[in-house]
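K.L.:
The listed protein sequences correspond, in order, to chains H, P and A. Here the first sequence is numbered in our numbering, starting from 167 and rising by one per residue. Here the second sequence is numbered in our numbering, starting from 151 and rising by one per residue. Here the third sequence is numbered in our numbering, starting from 510 and rising by one per residue.
Wrong hints could be hidden among the right ones.
Cross-link-like lysine-lysine pairs, in silico, DSSO-like; alpha carbons within 30 Å at most [said to hold, decoys possible]:
#1 A:Lys-699 <-> P:Lys-193
#2 P:Lys-212 <-> A:Lys-706
#3 P:Lys-212 <-> A:Lys-705
#4 A:Lys-699 <-> P:Lys-286
#5 A:Lys-705 <-> A:Lys-824
#6 P:Lys-212 <-> A:Lys-791
#7 P:Lys-193 <-> A:Lys-562
#8 A:Lys-699 <-> P:Lys-287
#9 P:Lys-263 <-> A:Lys-706
#10 P:Lys-212 <-> A:Lys-792
#11 P:Lys-212 <-> A:Lys-932
#12 A:Lys-706 <-> P:Lys-193
#13 P:Lys-193 <-> P:Lys-286
#14 P:Lys-212 <-> P:Lys-421
#15 P:Lys-287 <-> P:Lys-421
Across the chosen pairs, the derived CB separations fall in these ranges [said to hold, decoys possible]:
#16 P:Arg-341 <-> H:Ala-172: 31 to 37 Å
#17 A:Gly-717 <-> P:Thr-231: 42 to 48 Å
#18 P:Val-273 <-> A:Asp-838: 35 to 41 Å
#19 A:Val-763 <-> H:Ala-182: 34 to 40 Å
#20 A:Glu-922 <-> P:Arg-159: 50 to 56 Å
#21 P:Arg-159 <-> A:Ala-904: 31 to 37 Å
#22 P:Arg-279 <-> H:Glu-208: 26 to 32 Å
Among the chain H residues that face chain P by a calculated CB cut under 7 Å, a handful are [as the list claims (entries may be wrong)]:
#23 Pro-206
#24 Pro-207
#25 Phe-217
#26 Arg-220
#27 Val-222
#28 His-225
#29 Glu-226
#30 Asn-232
Keep in mind the hints are simulated off the structure, nothing from the lab. Quick caveat, the model's predicted, so the values are computed rather than measured. Beta carbons: idealized from backbone N, C-alpha and C, even for Gly.
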Amino acid sequence: MVISEAVRERIEAAKARFPQPRGALLAALHLVQEELGHIPPEAEREVADLFGLRPVEVHEVVSFYNMFHSESGGRHRVYVCTNLPCSLRGARTLLRHLESHLGIRCGQTTPDGRITLGHEECLGACAYAPMMRVDRTYHEDLDPERAVRILDELE
Amino acid sequence: MPRITVDGRDYEVPEGRTLLQALDDLGVLMNGVEIPHYCWHPKLSIDGSCRLCQVEIEGQPKLQIACNTPVQDGMVVYTRTERVRRAREGVMELLLVNHPLDCPICDQAGECKLQDYAFEYGVPRSRTREPRRALKKRVDLGPTIVFDQERCILCRRCVRFCREVPGTGELGVFGRGDRSVVDVFPGEELRNDYSMNVADICPVGALTTRDFRFRIRVWFLKEIPGVCTGCSRGCNIHLGTAYNRVYRYTPRRNDEVNETWICDEGRLSYKAIGAPDRIREPWLRSARGVLEPATESDALGRAADRIRTAAEAHGPGVVAALASPHATNEDLFVLRRLLAALGTEVHGMAVPRGRGDEILLREERAPNVAGGRALGFGEAEPVLDRIRGGGVSVLLVLGHDLLDPRYEGALDALRRCESVILLDTHHSELERAAEIVLPVRHAAEKLGTFTNFAGRVQRIEPAVEPPFLALSDGETLHRLGRTLGLAGFAGVYDVRAISRAIGSEFPAFAGRDVDAVGPLGLPLAGDPA
Amino acid sequence: MGQRVPHVTGYLTEHFADDAFGTLAGYRARGGYETARRVVTGMSPAEVIETVKASGLQGRGGAGFSTGLKWSFMPAETDRPKYLVCNADESEPGSFKDRILLERGPHQLIEGILIAAFATGAEKTFAYVRGEYAFPADCLERAVAEAREAGLLGERIFGTDFRHDIVVVRGAGAYICGEETGLLESLEGKKGQPRKKPPFPAQFGAFGMPTTVNNVETFCHVPHILARGPDWFRSIGTEKSPGHTLFGVSGHVVRPGLYELPLGTRLDEIIFEHAGGVPDGKKVKGVIPGGMSMPILPAGQLDVPMANEYLRERKTMLGTGGIIVMNEDTCMVRVACVVTYFFRDESCGQCTQCREGTGWMNRIVERIERGGGESEDLAVLLDVAGKMEGATICAFADAAAWPVQGLLRHFREDFEAHVRERKCPFPASFEL
Numbered sequence: 167m168v169i170s171e172a173v174r175e176r177i178e179a180a181k182a183r184f185p186q187p188r189g190a191l192l193a194a195l196h197l198v199q200e201e202l203g204h205i206p207p208e209a210e211r212e213v214a215d216l217f218g219l220r221p222v223e224v225h226e227v228v229s230f231y232n233m234f235h236s237e238s239g240g241r242h243r244v245y246v247c248t249n250l251p252c253s254l255r256g257a258r259t260l261l262r263h264l265e266s267h268l269g270i271r272c273g274q275t276t277p278d279g280r281i282t283l284g285h286e287e288c289l290g291a292c293a294y295a296p297m298m299r300v301d302r303t304y305h306e307d308l309d310p311e312r313a314v315r316i317l318d319e320l321e
Numbered sequence: 151m152p153r154i155t156v157d158g159r160d161y162e163v164p165e166g167r168t169l170l171q172a173l174d175d176l177g178v179l180m181n182g183v184e185i186p187h188y189c190w191h192p193k194l195s196i197d198g199s200c201r202l203c204q205v206e207i208e209g210q211p212k213l214q215i216a217c218n219t220p221v222q223d224g225m226v227v228y229t230r231t232e233r234v235r236r237a238r239e240g241v242m243e244l245l246l247v248n249h250p251l252d253c254p255i256c257d258q259a260g261e262c263k264l265q266d267y268a269f270e271y272g273v274p275r276s277r278t279r280e281p282r283r284a285l286k287k288r289v290d291l292g293p294t295i296v297f298d299q300e301r302c303i304l305c306r307r308c309v310r311f312c313r314e315v316p317g318t319g320e321l322g323v324f325g326r327g328d329r330s331v332v333d334v335f336p337g338e339e340l341r342n343d344y345s346m347n348v349a350d351i352c353p354v355g356a357l358t359t360r361d362f363r364f365r366i367r368v369w370f371l372k373e374i375p376g377v378c379t380g381c382s383r384g385c386n387i388h389l390g391t392a393y394n395r396v397y398r399y400t401p402r403r404n405d406e407v408n409e410t411w412i413c414d415e416g417r418l419s420y421k422a423i424g425a426p427d428r429i430r431e432p433w434l435r436s437a438r439g440v441l442e443p444a445t446e447s448d449a450l451g452r453a454a455d456r457i458r459t460a461a462e463a464h465g466p467g468v469v470a471a472l473a474s475p476h477a478t479n480e481d482l483f484v485l486r487r488l489l490a491a492l493g494t495e496v497h498g499m500a501v502p503r504g505r506g507d508e509i510l511l512r513e514e515r516a517p518n519v520a521g522g523r524a525l526g527f528g529e530a531e532p533v534l535d536r537i538r539g540g541g542v543s544v545l546l547v548l549g550h551d552l553l554d555p556r557y558e559g560a561l562d563a564l565r566r567c568e569s570v571i572l573l574d575t576h577h578s579e580l581e582r583a584a585e586i587v588l589p590v591r592h593a594a595e596k597l598g599t600f601t602n603f604a605g606r607v608q609r610i611e612p613a614v615e616p617p618f619l620a621l622s623d624g625e626t627l628h629r630l631g632r633t634l635g636l637a638g639f640a641g642v643y644d645v646r647a648i649s650r651a652i653g654s655e656f657p658a659f660a661g662r663d664v665d666a667v668g669p670l671g672l673p674l675a676g677d678p679a
Numbered sequence: 510m511g512q513r514v515p516h517v518t519g520y521l522t523e524h525f526a527d528d529a530f531g532t533l534a535g536y537r538a539r540g541g542y543e544t545a546r547r548v549v550t551g552m553s554p555a556e557v558i559e560t561v562k563a564s565g566l567q568g569r570g571g572a573g574f575s576t577g578l579k580w581s582f583m584p585a586e587t588d589r590p591k592y593l594v595c596n597a598d599e600s601e602p603g604s605f606k607d608r609i610l611l612e613r614g615p616h617q618l619i620e621g622i623l624i625a626a627f628a629t630g631a632e633k634t635f636a637y638v639r640g641e642y643a644f645p646a647d648c649l650e651r652a653v654a655e656a657r658e659a660g661l662l663g664e665r666i667f668g669t670d671f672r673h674d675i676v677v678v679r680g681a682g683a684y685i686c687g688e689e690t691g692l693l694e695s696l697e698g699k700k701g702q703p704r705k706k707p708p709f710p711a712q713f714g715a716f717g718m719p720t721t722v723n724n725v726e727t728f729c730h731v732p733h734i735l736a737r738g739p740d741w742f743r744s745i746g747t748e749k750s751p752g753h754t755l756f757g758v759s760g761h762v763v764r765p766g767l768y769e770l771p772l773g774t775r776l777d778e779i780i781f782e783h784a785g786g787v788p789d790g791k792k793v794k795g796v797i798p799g800g801m802s803m804p805i806l807p808a809g810q811l812d813v814p815m816a817n818e819y820l821r822e823r824k825t826m827l828g829t830g831g832i833i834v835m836n837e838d839t840c841m842v843r844v845a846c847v848v849t850y851f852f853r854d855e856s857c858g859q860c861t862q863c864r865e866g867t868g869w870m871n872r873i874v875e876r877i878e879r880g881g882g883e884s885e886d887l888a889v890l891l892d893v894a895g896k897m898e899g900a901t902i903c904a905f906a907d908a909a910a911w912p913v914q915g916l917l918r919h920f921r922e923d924f925e926a927h928v929r930e931r932k933c934p935f936p937a938s939f940e941l
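Chain H extracted, bound-state conformation (with noise of 0.2 Å):
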């Protein structure tokens, strides 16, 4: 078993929340990836196992959002939009900038496995752009400096 009892027992609470135990399922994923960090086949089994479901429909839904992870990645997953408006204010050069800071291309792990960069679409800060999310944070207004002081500052 890879999933905890205190995951387990949660995931139980937040099906009584819905007429339908089944919409507790991405409640269910966040909770099993905020412990496992991502969602590993084996996980997704068990996920299955408690909503009667088939391992491949939580696959299914794994697989079509964008938070959810099958693969492992750094104990922090950083992600800097690069949409329309925060491009034009920079996203990209700001991006580019924490690539060769971190030593790691986007969509790579620092080899400490602390950071795991990517990019995202549009993240809901289109005016205070550029921008970016740490794990459930958000930084805004960001210059470089200021963006490699944040990463730097992660355990």
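Given the coordinates of chain H, assemble chains P and A onto it according to the supplied hints.
P.N.:
Structure of chains P and A alone, referenced to chain H:
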């Protein structure tokens, strides 16, 4: 019932159906009313995603997909307007954006809906300059199906099939947008009793059966209608034949019997037709006790001799028969007549059994169990008991159904007969007890009818000729009767006449002869039970 | 972070600078929930729907459908439970208003939901917040908990038989879940692939039950309409597009941010007077007026009132009110690259035209940007966009086609220059 107009013709359609469903119900879809479609399938849930079936409906500003538009009284539909033509062309061009143009080496070529529709409805030249997506090629999805992910047009018929018909749901669509792919869960397989149907419903060459792929180009195949002999469902099939060989069975639609499906076991049962263990000539047990090849007249002569001698010595009751539910109604009717002419009423029918399911597969693993019962053949056990009690001298056996485990010990019982006359398609253990063995034709090699479990009389016709001399069971028995000099067995065997004659003795079969039942069969008259 | 306040405020956002407004006590101190109380204890559902209809409120999620009319589609007599869905899956590039409404005024939203629930007879609201909006979702969750604690949600609200509850649900990153039936699928724990219609959500919505989906901002207008009446609401904005809306201004402007202004405010007024114009003394080249799926306007057409009846004349729409301003250095082929990449990435993949068309357009414009374009590419682009339009299950394919059509309509020369020079001739443009 709502009345609709399609391209100026009026149709009365069933209530509560969508346009494609209603036209399909009437049998005019792609048969008078051309509305091309990929994702829609008459026996699967509506998907509505391929967008090819768009039609123009009066009063609606946008084109509508025929698959999901409910019919309404007075609806006026156009399928041939310029807007519709352009919409189809658009879908076709977009479907080809990522589809590899490798038709010369694609096994679907010749029965590919992408090819067909591109020809009918597509644009004459390719405008894509961009590379197509590179995906999995020739991967095994499971034991039966080979998958070419690049050719997939994401109609999702296969996905819906696995969820809705066998209920196994092995397939899914992963990812989204133009990165969407059909696949199995990592590490799992497409493996179910109906898996090969996905190759039939795949409109392109993405899913092919390992069994058939690259065996022959399909345009060399002649598709002969027939009936699967694997169980008492009697699924309607096409026998794909060429060079006097059967290359495959594919399901033939019959909504009353098998809809559009067939089980994998039944589908692969064609292999028996050309199998090396077919009985190719008559055999007679020699004085040394071994079976040796013989001529038909020697074999029939010996059989007639045994029957005559036994009946004269002990009365006709010592001559018995075990019929086969693999034999046709006509074959069994001739057997009935022969037994009646001999004056014996000792007969039964051995029925092989296996695992059934809730979908198509029936426990009774032969196509004509109900026909045999309707023609008066009861259980095999009483006959076997009588044999064990020493009451049978000469036994006529059709087929090797007795080898089913439920007739354990039947072979030993048969050895108690003085003579066993076996009519069969394939060599089997049963020959050990036989004195006379006569080759007979497989269902793929003869004309006749089977009666399925629900009492539907369905026609089979010769798709191939056996490459050796063999007659149907009925004709073989007819010649035996003639050799015996029995009344009514003179002259040439006429299976059509026999088929008609069944109805005069068994009223349920009246009007159910080979020429009357049509391609989809007819239920027995009166109470089908 | 959470301190984002509109530069220009109005009835929706006037108290957003006050941190306490986000709490129940602070909201009540400004008269919060009094309108809901008056509605629930003194009006009939039909009266509420009539009032909202009379106000002319149009949905603020992009399509601009009449809110009152939408509510009236809910079956009045039914034994089945009815649901509301609050669409907080704000994902339209250029749009960030719902986020601020959630962060700074969650109780205003809850009050709007309560009134809508009373009007439609819904027993539960699912507030579907896009997965990336962790903080806004937390703000709403907190407010819901407070309201429940105070008896404003749950059984016997305001001492009546009216009961309601709100379930906050998080998405997981998919633009298409902003489409109402894509959202419903996602809410049910599935891929967010829009449903074919019929059936429509008012008959067969969330979990198969009658459902009305409204945008966050739409709900937020409701308490104000009920408090001050439809005539007051109609006195703001244009005749056909009444009320305020939240314009999000981003891109090349001095003061990017949120502006609460009447519908019908001129686009050039928003850009130059409110947002301070383009930095560094540069000129505007083009403006996307309503979020990225709306066609672009060139610099010469900014004198348009921001309301659909005027924007339609210029072949564009208000959408979600996200105004993206591009300066004179901007390469419109690069813009097309970003736009088509986005739609390619976000297409759910169901319908042929959308799945294949978004990818094809993206590959063509990227090739043009790299210098590999041919003159016939422009015709192909327009043709593909045309094939995508109006032919799919949902409006996403239209949303993907329109911006490409708009860019080619007004900035064809940018594309042709790339083809001619076999490279991007805009070195000063934003980096790709």
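K.L.:
Look at each hint and say if it fits the structure.
P.N.:
How the hints compare with the structure:
Under the criterion of a C-alpha separation no larger than 30 Å, the hint pairing Lys-699 (chain A) with Lys-193 (chain P) is consistent with the structure, at around 24 Å. Pair hint Lys-212 (chain P) plus Lys-706 (chain A) holds up; C-alpha atoms about 13 Å apart against a cutoff of 30 Å. At most 30 Å may separate the alpha-carbon atoms for a hinted pair to count; Lys-212 (chain P) and Lys-705 (chain A) meet this at roughly 14 Å. Between Lys-699 (chain A) and Lys-286 (chain P) the alpha-carbon distance is near 26 Å, which keeps this suggested pair within the 30 Å criterion.
The straight-line distance between the Cα atoms of Lys-705 (chain A) and Lys-824 (chain A) is roughly 27 Å, inside the 30 Å bound, and the hint therefore holds. For the hint pairing Lys-212 (chain P) with Lys-791 (chain A), the CA-to-CA distance comes to about 43 Å; that exceeds 30 Å, so the pair is violated. With a C-alpha separation of about 44 Å, the suggested pairing of Lys-193 (chain P) with Lys-562 (chain A) is violated against the 30 Å cut-off. Pair hint Lys-699 (chain A) plus Lys-287 (chain P) holds up; C-alpha atoms about 29 Å apart against a cutoff of 30 Å.
Among the hinted pairs, Lys-263 (chain P) with Lys-706 (chain A) is consistent with the structure: their alpha-carbon atoms are about 27 Å apart, no more than 30 Å. Taking the CA atoms of Lys-212 (chain P) and Lys-792 (chain A), the gap is near 40 Å; set against the 30 Å cutoff, the hint is violated. A hinted pair counts as satisfied when its Cα atoms are at most 30 Å apart, and Lys-212 (chain P) with Lys-932 (chain A) does not qualify at roughly 40 Å. Restraint check for Lys-706 (chain A) and Lys-193 (chain P): the C-alpha separation of about 20 Å stays at or below 30 Å, so the hint holds.
Taken as a hint, the Lys-193 (chain P) and Lys-286 (chain P) pair is honoured in the structure, with Cα atoms around 29 Å apart against an allowance of 30 Å. The hinted pair formed by Lys-212 (chain P) and Lys-421 (chain P) fails the criterion: a straight-line CA distance of about 51 Å is larger than 30 Å. Straight-line distance between C-alpha atoms of Lys-287 (chain P) and Lys-421 (chain P) comes to about 28 Å, which keeps the hinted pair within the 30 Å bound. Distance hint check for Arg-341 (chain P) and Ala-172 (chain H): the Cβ-Cβ separation is about 36 Å, which falls inside the suggested range of 31 to 37 Å.
Between Gly-717 (chain A) and Thr-231 (chain P), the C-beta spacing of about 36 Å breaks the proposed range 42 to 48 Å. The beta-carbon spacing between Val-273 (chain P) and Asp-838 (chain A), approximately 39 Å, falls within the hinted interval of 35 to 41 Å. Distance hint check for Val-763 (chain A) and Ala-182 (chain H): the Cβ-Cβ separation is about 50 Å, which falls outside the suggested range of 34 to 40 Å. As the Cβ distance of Glu-922 (chain A) to Arg-159 (chain P) is approximately 51 Å, the hint placing it in 50 to 56 Å holds.
One distance hint, 31 to 37 Å for the beta-carbon pair Arg-159 (chain P) and Ala-904 (chain A), holds here, with the actual separation near 34 Å. Checking the proposed 26 to 32 Å range against Arg-279 (chain P) and Glu-208 (chain H) shows it is violated: the Cβ atoms sit about 43 Å from each other. This hint is violated: Pro-206 (chain H) has a C-beta 9 Å from the nearest C-beta of chain P, more than the 7 Å allowed. Given the 7 Å rule on beta carbons, the hint for Pro-207 (chain H) holds: about 5 Å separates it from the nearest Cβ of chain P.
Proximity of Phe-217 (chain H) to chain P is violated relative to the hint, the smallest CB-CB distance being about 14 Å (cut-off 7 Å). Taken as an interface hint, Arg-220 (chain H) checks out: its beta carbon lies about 5 Å from the nearest beta carbon of chain P, inside 7 Å. Hint on Val-222 (chain H) holds. Least Cβ distance to chain P is approximately 4 Å, under the 7 Å limit. The closest approach between the C-beta of His-225 (chain H) and any C-beta of chain P is roughly 6 Å, which is under the 7 Å cut-off, so the hint is satisfied.
Here the hint on Glu-226 (chain H) is kept, as its CB sits about 4 Å from the closest CB of chain P, short of 7 Å. Hint status for Asn-232 (chain H) relative to chain P: violated, with the closest Cβ pair at about 9 Å, above 7 Å.
Violation of the numbered hints given earlier is confined to hints 6, 7, 10, 11, 14, 17, 19, 22, 23, 25 and 30; the remaining hints are satisfied by the structure.
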